[in-house]
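Number of protein chains: 2
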Amino acid sequence: MIECVPNFSEGRDRTVLEAIRAAAASTGARVVGLSADPEHNRAVLTLVGEAETVLEAAWAAACEAVARIDLRRHRGVHPRMGAVDVIPFVPLAGDSMARCVDLARRLGRRLGEELGLPVFLYEQAATRPERVNLAEIRRGQFEGLAAKLADPAWQPDFGPAAPHPTAGAVAVGARPPLIAFNVYLNTADVTVARRVARAVRGRDGGLAGVKALGLLLPETGLTQVSMNIVDVARTPLPAVLELVRREAARWGAAVLHTEVVGFLPRAAAYRAAEWALQLPGDLGAQVLEDAAGLPS
Amino acid sequence: MIECVPNFSEGRDRTVLEAIRAAAASTGARVVGLSADPEHNRAVLTLVGEAETVLEAAWAAACEAVARIDLRRHRGVHPRMGAVDVIPFVPLAGDSMARCVDLARRLGRRLGEELGLPVFLYEQAATRPERVNLAEIRRGQFEGLAAKLADPAWQPDFGPAAPHPTAGAVAVGARPPLIAFNVYLNTADVTVARRVARAVRGRDGGLAGVKALGLLLPETGLTQVSMNIVDVARTPLPAVLELVRREAARWGAAVLHTEVVGFLPRAAAYRAAEWALQLPGDLGAQVLEDAAGLPS
Numbered sequence: 001m002i003e004c005v006p007n008f009s010e011g012r013d014r015t016v017l018e019a020i021r022a023a024a025a026s027t028g029a030r031v032v033g034l035s036a037d038p039e040h041n042r043a044v045l046t047l048v049g050e051a052e053t054v055l056e057a058a059w060a061a062a063c064e065a066v067a068r069i070d071l072r073r074h075r076g077v078h079p080r081m082g083a084v085d086v087i088p089f090v091p092l093a094g095d096s097m098a099r100c101v102d103l104a105r106r107l108g109r110r111l112g113e114e115l116g117l118p119v120f121l122y123e124q125a126a127t128r129p130e131r132v133n134l135a136e137i138r139r140g141q142f143e144g145l146a147a148k149l150a151d152p153a154w155q156p157d158f159g160p161a162a163p164h165p166t167a168g169a170v171a172v173g174a175r176p177p178l179i180a181f182n183v184y185l186n187t188a189d190v191t192v193a194r195r196v197a198r199a200v201r202g203r204d205g206g207l208a209g210v211k212a213l214g215l216l217l218p219e220t221g222l223t224q225v226s227m228n229i230v231d232v233a234r235t236p237l238p239a240v241l242e243l244v245r246r247e248a249a250r251w252g253a254a255v256l257h258t259e260v261v262g263f264l265p266r267a268a269a270y271r272a273a274e275w276a277l278q279l280p281g282d283l284g285a286q287v288l289e290d291a292a293g294l295p296s
Numbered sequence: 001m002i003e004c005v006p007n008f009s010e011g012r013d014r015t016v017l018e019a020i021r022a023a024a025a026s027t028g029a030r031v032v033g034l035s036a037d038p039e040h041n042r043a044v045l046t047l048v049g050e051a052e053t054v055l056e057a058a059w060a061a062a063c064e065a066v067a068r069i070d071l072r073r074h075r076g077v078h079p080r081m082g083a084v085d086v087i088p089f090v091p092l093a094g095d096s097m098a099r100c101v102d103l104a105r106r107l108g109r110r111l112g113e114e115l116g117l118p119v120f121l122y123e124q125a126a127t128r129p130e131r132v133n134l135a136e137i138r139r140g141q142f143e144g145l146a147a148k149l150a151d152p153a154w155q156p157d158f159g160p161a162a163p164h165p166t167a168g169a170v171a172v173g174a175r176p177p178l179i180a181f182n183v184y185l186n187t188a189d190v191t192v193a194r195r196v197a198r199a200v201r202g203r204d205g206g207l208a209g210v211k212a213l214g215l216l217l218p219e220t221g222l223t224q225v226s227m228n229i230v231d232v233a234r235t236p237l238p239a240v241l242e243l244v245r246r247e248a249a250r251w252g253a254a255v256l257h258t259e260v261v262g263f264l265p266r267a268a269a270y271r272a273a274e275w276a277l278q279l280p281g282d283l284g285a286q287v288l289e290d291a292a293g294l295p296s
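Protein sequences, first through last, are from chains H and L. Residue numbers for the first sequence, in UniProt numbering: 1 to 296. Residue numbers for the second sequence, in UniProt numbering: 1 to 296.
Any given hint could turn out to be false.
[As the list claims (entries may be wrong)] Here are the computed distance ranges between Cβ atoms for each label pair:
id: 1; chain 1: L; residue 1: Gln278; chain 2: H; residue 2: Pro280; range: 21 to 29 Å
id: 2; chain 1: L; residue 1: Ser96; chain 2: H; residue 2: Pro280; range: 34 to 42 Å
id: 3; chain 1: H; residue 1: Arg234; chain 2: L; residue 2: Pro280; range: 25 to 33 Å
id: 4; chain 1: H; residue 1: Pro280; chain 2: L; residue 2: Ala67; range: 34 to 42 Å
The hints are simulated quantities; they were obtained by calculation from the structure and are not laboratory data. Every residue, glycine too, gets a C-beta built ideally from N, C-alpha and C.
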C-alpha cells in the first residue's frame, strides 16, 4: 500500500476542491481525506491504495488542478510555487521507499512531458543533494520561478526550463510519513511566531525532526507556528508543543489550540499519550482493540 | 463480544499465575493478557470472546485460583477479600450490559453452589444499592469477612453466609470499561499518597469519574496513587495526572512515572493525546489506519 499526499494551491473554492477530489476518486484510489485551509489557501489530499492506482489518482488530481488553478491570482500565507505544489509518495507498512521513488520519477516525467510543468524531484527521489529539501526548491516561490529556472543549477528534472504560465512548477518526491502540526498563538505579532519557529526547528538548533515556519493569519489576526514533524518516531508531539509553549511564553504569548493537517500514524497518537502520561512502556501493547484483534 | 477481567490475589508465584492462565485458555477464550503486580500481590486476567466462552473461561480460572491461593497467608498492599477477588463482565462494542448482568448472575450462582464461595453481585448486577460500589463490599477485607457475613445486611447473593476457609469471598459484576491507572510518587510518606488520592477522587470532591487509594509500596520505598477511571469517556487521563501532580507538589512530592494495569480502550488513548496536544477535534478521525481502513 502506498500513500500519496498532493498539496494544491487552493483552499477556498469548494467547486475546484471537489473537482480535484472527484478526479482522484474516479481512478479507484481511496480518497481518505481532503483538508483545506482558507488562510493558507491550500489543500491537502490524502490518497491510499495500490501503487499503480495511486499513481493514476495523483495524475488525475494534478491535471484537474493545473486546469483550474491560476497562480497569478493566488494569495495565501503558505509558501507555494505551483497549482499542484508538491506530490509526495509515502510507503505504508509492507511497502518500500524504492517503489515510491519509482512512482515519483514516473509521475514527474509525465507531468513534465504531458502538462508542460517544470518538475523537481525531492527528498528520497532527488537527483542531487541540494534538491533533497523541499524548502530549497520552493525558495522564491511562484513569483521567482522564471529567474530560478534561468539558473543552470535549477534546471528541472523533467519538463521545460520555464514556468507554466498559470500552474508554475511542481515538486514530486518520496519520503517517510510526516505529520503537519500547526500551533496557533494568541498574538498578532508574526515576529513572535517566527522566533518560536526558529527556536523549535532542527535547522536552527531546535528539534532535529522538526521543520517550522512562523506565519501571520490576517483573517483571524492570529499567528501560527506551522510545522512538519519529519522524524515521526523520535519526535513526541507533546514535546514539540511544550517547546513551542515555552518559547512563546518568552515573548508573552500563549498557545490557543493546535491542529493536525491531514492524517497521522496511529503510533504517533500512542507516543503522544505515552509522553503526556509519563508511561514508560509501549501503550499500543495495552490498547484492548489492538491486543485482542477487535475491529476498529 | 464480552470482556471479563477477573482479579486474583496472587502477584508473585508464576506457577499459580500460569495455571490460572492455562485454565482460562483451555476453554477457547482469548487470553489477551495477564498483568501481575508483586507489591499488590495481585493479578488481572483479561479475557475476550463470545459470551458463553468467556463465562466458561472465568469459571475455569476461578476454580484454579480457589484451589491454589490461600488468603490466610496472603500479604499485599491492595485491598482484597478472596482468592478470586472480583470478576467483572464488560460489554464491548455491539454487546449489551444486560447480557453481562446475566453472565454475572449465572457465574455467581455457580461459584456459590459448586465452590462454596459467598458471592456478592456488584455494580450493574447488584441486587441492592449498597452493593453497587465494590469498595463497600470489600470493606473489612478477608480478615473481616466472618463478622461481615454474620450481619443480616451482608448476606451473600449466592453461596454460604460464611467465608470459604482459604478463598474468602468473591464479588461478581457487570460494568462499563474502566482504566486502572497508577501514579508513582517519589516519596515514602503514604500520607502524601493518601491526601492526593482523597483530592482527586469523586467521592471526596475530586473528579467524578475517578476512584483512588493512596498506597505504600514497601519493596521500593515509594508510594502510589492507585486509581480506577470509571467514567472513561469524560475523564481525560492527562487531566487526572495533572491533578495528581499538583496535589503531590503541595506536599513536595513529584510523579516518577505511571502505569496502566491491563488494557485501555483505544479511544482513551486518543482522548489523552487530544488533551495533551490542545487539539479541539476528534483525533481518531485523523488517524490514517482508522480513516483508510488499514490493518493495525
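For each hint, the structure was consulted:
About 24 Å separates the C-beta atoms of L:Gln278 and H:Pro280, a value consistent with the hinted range of 21 to 29 Å. The hinted range of 34 to 42 Å is satisfied by L:Ser96 and H:Pro280, whose Cβ atoms lie roughly 37 Å apart. The given range of 25 to 33 Å is respected by H:Arg234 and L:Pro280, whose C-beta atoms sit roughly 26 Å from each other. Taking the beta carbon of each, H:Pro280 and L:Ala67 are about 35 Å apart, inside 34 to 42 Å as hinted.
Taken one by one, the earlier hints all hold for this structure without exception.
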